[in-house]
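Asks: Chain by chain, the residues:
There are 2 protein chains.
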Amino acid sequence: MRIIELTEEARTNILENLLKRSPNSYGEFEGRVNEIIENVRANRDAAIFDYTKRFDGADINAENILVTEDEIKEAYEKVDEKLLTVIRKALVNIRKYHEKQRQYSWFDSEESGIILGQKVTALEKVGVYVPGGKAVYPSSVLMNIVPAKVAGVKTIVMTTPPGKDGKVNPATLVAAKEAGVDAIYKVGGAQAIAALAFGTESVPKVDKIVGPGNIYVALAKKAVFGFVSIDSIAGPSEIMVLADETANPRFVAADLLSQAEHDEMASAILVTTSRDLAEQVSKEVEGFVAQLSRKEIIQKSLDNYGYILVAESMDEAIATVNEIASEHLELVTNNPFETMTKIRNAGAIFVGEYSSEPLGDYFAGPNHVLPTNGTAKFFSPLSVDDFIKKSSIISYSREALEPIYKDIVQFAECEQLTAHANSIRVRFED
Amino acid sequence: MRIIELTEEARTNILENLLKRSPNSYGEFEGRVNEIIENVRANRDAAIFDYTKRFDGADINAENILVTEDEIKEAYEKVDEKLLTVIRKALVNIRKYHEKQRQYSWFDSEESGIILGQKVTALEKVGVYVPGGKAVYPSSVLMNIVPAKVAGVKTIVMTTPPGKDGKVNPATLVAAKEAGVDAIYKVGGAQAIAALAFGTESVPKVDKIVGPGNIYVALAKKAVFGFVSIDSIAGPSEIMVLADETANPRFVAADLLSQAEHDEMASAILVTTSRDLAEQVSKEVEGFVAQLSRKEIIQKSLDNYGYILVAESMDEAIATVNEIASEHLELVTNNPFETMTKIRNAGAIFVGEYSSEPLGDYFAGPNHVLPTNGTAKFFSPLSVDDFIKKSSIISYSREALEPIYKDIVQFAECEQLTAHANSIRVRFED
Numbered sequence: 001m002r003i004i005e006l007t008e009e010a011r012t013n014i015l016e017n018l019l020k021r022s023p024n025s026y027g028e029f030e031g032r033v034n035e036i037i038e039n040v041r042a043n044r045d046a047a048i049f050d051y052t053k054r055f056d057g058a059d060i061n062a063e064n065i066l067v068t069e070d071e072i073k074e075a076y077e078k079v080d081e082k083l084l085t086v087i088r089k090a091l092v093n094i095r096k097y098h099e100k101q102r103q104y105s106w107f108d109s110e111e112s113g114i115i116l117g118q119k120v121t122a123l124e125k126v127g128v129y130v131p132g133g134k135a136v137y138p139s140s141v142l143m144n145i146v147p148a149k150v151a152g153v154k155t156i157v158m159t160t161p162p163g164k165d166g167k168v169n170p171a172t173l174v175a176a177k178e179a180g181v182d183a184i185y186k187v188g189g190a191q192a193i194a195a196l197a198f199g200t201e202s203v204p205k206v207d208k209i210v211g212p213g214n215i216y217v218a219l220a221k222k223a224v225f226g227f228v229s230i231d232s233i234a235g236p237s238e239i240m241v242l243a244d245e246t247a248n249p250r251f252v253a254a255d256l257l258s259q260a261e262h263d264e265m266a267s268a269i270l271v272t273t274s275r276d277l278a279e280q281v282s283k284e285v286e287g288f289v290a291q292l293s294r295k296e297i298i299q300k301s302l303d304n305y306g307y308i309l310v311a312e313s314m315d316e317a318i319a320t321v322n323e324i325a326s327e328h329l330e331l332v333t334n335n336p337f338e339t340m341t342k343i344r345n346a347g348a349i350f351v352g353e354y355s356s357e358p359l360g361d362y363f364a365g366p367n368h369v370l371p372t373n374g375t376a377k378f379f380s381p382l383s384v385d386d387f388i389k390k391s392s393i394i395s396y397s398r399e400a401l402e403p404i405y406k407d408i409v410q411f412a413e414c415e416q417l418t419a420h421a422n423s424i425r426v427r428f429e430d
Numbered sequence: 001m002r003i004i005e006l007t008e009e010a011r012t013n014i015l016e017n018l019l020k021r022s023p024n025s026y027g028e029f030e031g032r033v034n035e036i037i038e039n040v041r042a043n044r045d046a047a048i049f050d051y052t053k054r055f056d057g058a059d060i061n062a063e064n065i066l067v068t069e070d071e072i073k074e075a076y077e078k079v080d081e082k083l084l085t086v087i088r089k090a091l092v093n094i095r096k097y098h099e100k101q102r103q104y105s106w107f108d109s110e111e112s113g114i115i116l117g118q119k120v121t122a123l124e125k126v127g128v129y130v131p132g133g134k135a136v137y138p139s140s141v142l143m144n145i146v147p148a149k150v151a152g153v154k155t156i157v158m159t160t161p162p163g164k165d166g167k168v169n170p171a172t173l174v175a176a177k178e179a180g181v182d183a184i185y186k187v188g189g190a191q192a193i194a195a196l197a198f199g200t201e202s203v204p205k206v207d208k209i210v211g212p213g214n215i216y217v218a219l220a221k222k223a224v225f226g227f228v229s230i231d232s233i234a235g236p237s238e239i240m241v242l243a244d245e246t247a248n249p250r251f252v253a254a255d256l257l258s259q260a261e262h263d264e265m266a267s268a269i270l271v272t273t274s275r276d277l278a279e280q281v282s283k284e285v286e287g288f289v290a291q292l293s294r295k296e297i298i299q300k301s302l303d304n305y306g307y308i309l310v311a312e313s314m315d316e317a318i319a320t321v322n323e324i325a326s327e328h329l330e331l332v333t334n335n336p337f338e339t340m341t342k343i344r345n346a347g348a349i350f351v352g353e354y355s356s357e358p359l360g361d362y363f364a365g366p367n368h369v370l371p372t373n374g375t376a377k378f379f380s381p382l383s384v385d386d387f388i389k390k391s392s393i394i395s396y397s398r399e400a401l402e403p404i405y406k407d408i409v410q411f412a413e414c415e416q417l418t419a420h421a422n423s424i425r426v427r428f429e430d
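Order-wise, the sequence lines are chains A and B. Here full-length UniProt numbering is used: the first residue of the first sequence is 1, the next is one more, and so on. Here full-length UniProt numbering is used: the first residue of the second sequence is 1, the next is one more, and so on.
Heads up, some of the hints might be wrong.
Unchecked claim - Chain B side only, calculated, beta carbon under 8 Å to chain A, not exhaustive:
{"#": "1", "residue": "TYR76"}
{"#": "2", "residue": "ASP80"}
{"#": "3", "residue": "LYS119"}
{"#": "4", "residue": "SER258"}
{"#": "5", "residue": "PHE288"}
{"#": "6", "residue": "PHE350"}
{"#": "7", "residue": "TYR362"}
{"#": "8", "residue": "SER392"}
{"#": "9", "residue": "ILE404"}
{"#": "10", "residue": "ILE408"}
{"#": "11", "residue": "THR418"}
Said to hold, decoys possible - To list a few chain B residues with every Cβ distance to chain A over 10 Å, as calculated:
{"#": "12", "residue": "ALA183"}
{"#": "13", "residue": "ILE215"}
{"#": "14", "residue": "SER274"}
What the hints assert, rightly or not - Here are the simulated DSBU-like pairs of lysine-lysine, each with C-alpha atoms no more than 30 Å apart in a straight line:
{"#": "15", "chain 1": "B", "residue 1": "LYS119", "chain 2": "A", "residue 2": "LYS342"}
{"#": "16", "chain 1": "B", "residue 1": "LYS89", "chain 2": "B", "residue 2": "LYS154"}
{"#": "17", "chain 1": "A", "residue 1": "LYS119", "chain 2": "B", "residue 2": "LYS100"}
{"#": "18", "chain 1": "A", "residue 1": "LYS100", "chain 2": "B", "residue 2": "LYS342"}
{"#": "19", "chain 1": "A", "residue 1": "LYS406", "chain 2": "B", "residue 2": "LYS82"}
{"#": "20", "chain 1": "A", "residue 1": "LYS134", "chain 2": "A", "residue 2": "LYS167"}
{"#": "21", "chain 1": "B", "residue 1": "LYS406", "chain 2": "A", "residue 2": "LYS300"}
{"#": "22", "chain 1": "A", "residue 1": "LYS154", "chain 2": "A", "residue 2": "LYS119"}
{"#": "23", "chain 1": "B", "residue 1": "LYS149", "chain 2": "A", "residue 2": "LYS222"}
{"#": "24", "chain 1": "B", "residue 1": "LYS20", "chain 2": "B", "residue 2": "LYS300"}
{"#": "25", "chain 1": "B", "residue 1": "LYS20", "chain 2": "A", "residue 2": "LYS342"}
{"#": "26", "chain 1": "A", "residue 1": "LYS205", "chain 2": "B", "residue 2": "LYS222"}
{"#": "27", "chain 1": "B", "residue 1": "LYS406", "chain 2": "A", "residue 2": "LYS100"}
{"#": "28", "chain 1": "B", "residue 1": "LYS20", "chain 2": "A", "residue 2": "LYS154"}
{"#": "29", "chain 1": "A", "residue 1": "LYS119", "chain 2": "B", "residue 2": "LYS342"}
{"#": "30", "chain 1": "A", "residue 1": "LYS406", "chain 2": "B", "residue 2": "LYS300"}
{"#": "31", "chain 1": "B", "residue 1": "LYS149", "chain 2": "B", "residue 2": "LYS177"}
{"#": "32", "chain 1": "A", "residue 1": "LYS283", "chain 2": "B", "residue 2": "LYS406"}
{"#": "33", "chain 1": "A", "residue 1": "LYS222", "chain 2": "A", "residue 2": "LYS283"}
{"#": "34", "chain 1": "B", "residue 1": "LYS406", "chain 2": "A", "residue 2": "LYS73"}
{"#": "35", "chain 1": "A", "residue 1": "LYS119", "chain 2": "B", "residue 2": "LYS96"}
{"#": "36", "chain 1": "A", "residue 1": "LYS96", "chain 2": "B", "residue 2": "LYS342"}
{"#": "37", "chain 1": "A", "residue 1": "LYS100", "chain 2": "B", "residue 2": "LYS154"}
{"#": "38", "chain 1": "B", "residue 1": "LYS100", "chain 2": "A", "residue 2": "LYS100"}
{"#": "39", "chain 1": "B", "residue 1": "LYS342", "chain 2": "A", "residue 2": "LYS149"}
{"#": "40", "chain 1": "A", "residue 1": "LYS295", "chain 2": "A", "residue 2": "LYS283"}
Derived by calculation from the structure, the hints in this document are not laboratory data. As the structure is a prediction and not an experimental result, all values here were calculated from the model. By construction, the Cβ of each residue, glycine as well, lies at the ideal position given by its N, Cα and C atoms.
All chains, full assembly: derive it from the sequences and hints.
Replies: Now the structure itself:
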């Protein structure tokens, strides 16, 4: 891996290079995606069956779009027993963590007859998108469904593209069933997002769409935002390790590669105050890459978006970490919890040398759907928050309104909204 | 106001009619908005100064784009003393309510050395958009700035279009100053949104953009979503009153008009189980409209989007209320708190006959920036939540990782991610 002195200029260049990967920069696909969305809005089932034939090579119709109980049973027979066991163990942890995110309605009252509060309600219908293709990530199915379930969403539907044989991957089906999905539809791509946003004869309209996908899926989600809610738009995976001279170079190298293997667009960055560590990590990386099964993807990812940055001071290193706002951040310093207090921007923070990133991907409990591409500056991990919404509660008695009603009339009149003023005044007209 | 029997068909037609007002349906403006955004991204200050000249007729440059302390002082001299007093009173209530929305970091630990948690961090920089034009809403300035301030946002900047004389409305300036804004820039429209999203020489790039605006502003916000965060996209204002035979028709009529006066696209709907009330409200509305200063806007709004719906039962009425998911909902029934328990979808719920909607606009404390156009099914009122974000915290000791590390390796291998498996295995290689 290349080792670079962390200067202001280097930081700016790296940031620019990373942001190139943003799904916002793919304007060229937008026309195509909008066309798909309009077609699905107009022709509904007919459009999604047609796209599924063209893009996935599968014959899907109103009779077979919904995954049946028999298909799920078949999936349980096919899936590795060991995977099922580990899915169930992971589910316990994921549920336990997300249950702590529950939010509650509250109110506050005053004796004159004022009640002010906030009512928390779960969304009613949610759609989870699960990508198809060769890479099958049952963990991602769990991470998207569990928070909706914990929030109390009444209906959770899933869409995923079928294979040519019209089947869905068994591990995906088993994970969805274990997590508590209500229905699974065989449709993928931008057409699935459009179907969930507007509804078709077969696919129900939902209130929110979550889940990762390719560039078509990401752009379709952005296009339907406002008609429905969406989670944040996922970009390629990222890991950043902030380490000092106390870090174990072998651990750091292995962790960097764990994200680099996802995708040629994935990014793996070490920021360290130790030139020694930088060189050892670079050497360890070389050693590992040669042995790993996804070595070609890893090598491309490292060449494109992999960096080892040597900083003059820990403050400078931390400033860069906050500026890049990585999806995953490992802190491997002498006092990692102290370092953590200085971190403003990161999707998930892994504290200490045994807190390896894949622990969070599969098992620990926190969600692995995290803000990417610098969006950790303003977005949060997927959570129960994503599946609830709030309503303000306002209640005043006559006794409470009377002493302040003239203030409200005053304010309304300053804004030249006389019907507003009238609606207050009418209550005290005699 | 027209009185309609609430049938399934009527409900569907009304819903369709209301959704026509969605800012998502204005595809024709998108090209123009994208052009403005691209121009501001490329030419920065030069582009925004040029647009401000063309659209607002004002000469703005790097020297005068920032509102000065002198201009603010001048605004305080110009503004009505009574308005300042009522702004200060309202601020006390708004702050008090929003302080209750604060969220806190938490963690949970296990003795084997596991720490899992969630760190809450305020966004660093936020941009508040304030529309210009004839209608001046200092209340809206307060409602957008206070939650950011309470959340702990470090820098809150505001943009608003200047008048031809290069000045900003004094009430806007005073409200912004009282609420605690850090800087105010004289730029409006889609060009202001682009400037806040990407930064120019004069206007800083922010993490999130909030605030209402015309169709250009709404579409620009949607276009920059992902580069920055945005609040929900505001549509025209709405009020729905759910009332039974116990309601005072004069109060109900006045409240319906308080929203109808906002805009020809605003919607005012009464749903009632009482035909008697329906007729009395319709009559009262006629009486009021004749006297109100904004009667032309009100009449158009009522003709386009005003309805009195007579339902056969309270259950049917409530189902319609939940389906339409209004921005503002007043409950004027015999037992309004019991009715409230059945409401799933509404931006703000005003409970009881003295809880008139304008009380919430100006004074009570809850935010008046609310989801419109059916989006209360999945969006929430603007709140402190909008100005914070979360990071997961994951920390495992060696002792905690050892008993489960083979499960993680197993899961990773099932997903064919061997570098993930390696990063766990490397920690136990001897």
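Asks: Now, for every hint given, state plainly whether the structure supports it.
Replies: Cross-check of the supplied hints:
| no. | hint | in the structure |
| --- | --- | --- |
| 1 | TYR76 | violated, 15 Å |
| 2 | ASP80 | holds, 6 Å |
| 3 | LYS119 | holds, 7 Å |
| 4 | SER258 | holds, 4 Å |
| 5 | PHE288 | holds, 7 Å |
| 6 | PHE350 | holds, 5 Å |
| 7 | TYR362 | holds, 4 Å |
| 8 | SER392 | holds, 4 Å |
| 9 | ILE404 | holds, 6 Å |
| 10 | ILE408 | holds, 5 Å |
| 11 | THR418 | holds, 5 Å |
| 12 | ALA183 | holds, 19 Å |
| 13 | ILE215 | holds, 13 Å |
| 14 | SER274 | holds, 19 Å |
| 15 | B:LYS119 - A:LYS342 | holds, 11 Å |
| 16 | B:LYS89 - B:LYS154 | holds, 24 Å |
| 17 | A:LYS119 - B:LYS100 | holds, 13 Å |
| 18 | A:LYS100 - B:LYS342 | holds, 26 Å |
| 19 | A:LYS406 - B:LYS82 | holds, 11 Å |
| 20 | A:LYS134 - A:LYS167 | holds, 13 Å |
| 21 | B:LYS406 - A:LYS300 | holds, 29 Å |
| 22 | A:LYS154 - A:LYS119 | holds, 17 Å |
| 23 | B:LYS149 - A:LYS222 | holds, 29 Å |
| 24 | B:LYS20 - B:LYS300 | holds, 16 Å |
| 25 | B:LYS20 - A:LYS342 | violated, 48 Å |
| 26 | A:LYS205 - B:LYS222 | holds, 21 Å |
| 27 | B:LYS406 - A:LYS100 | holds, 27 Å |
| 28 | B:LYS20 - A:LYS154 | holds, 28 Å |
| 29 | A:LYS119 - B:LYS342 | holds, 11 Å |
| 30 | A:LYS406 - B:LYS300 | holds, 29 Å |
| 31 | B:LYS149 - B:LYS177 | holds, 12 Å |
| 32 | A:LYS283 - B:LYS406 | holds, 26 Å |
| 33 | A:LYS222 - A:LYS283 | violated, 41 Å |
| 34 | B:LYS406 - A:LYS73 | holds, 27 Å |
| 35 | A:LYS119 - B:LYS96 | holds, 17 Å |
| 36 | A:LYS96 - B:LYS342 | holds, 29 Å |
| 37 | A:LYS100 - B:LYS154 | holds, 28 Å |
| 38 | B:LYS100 - A:LYS100 | holds, 19 Å |
| 39 | B:LYS342 - A:LYS149 | holds, 21 Å |
| 40 | A:LYS295 - A:LYS283 | holds, 15 Å |
Going down the numbered hints, you'll see the structure goes against 1, 25 and 33, while the others check out.
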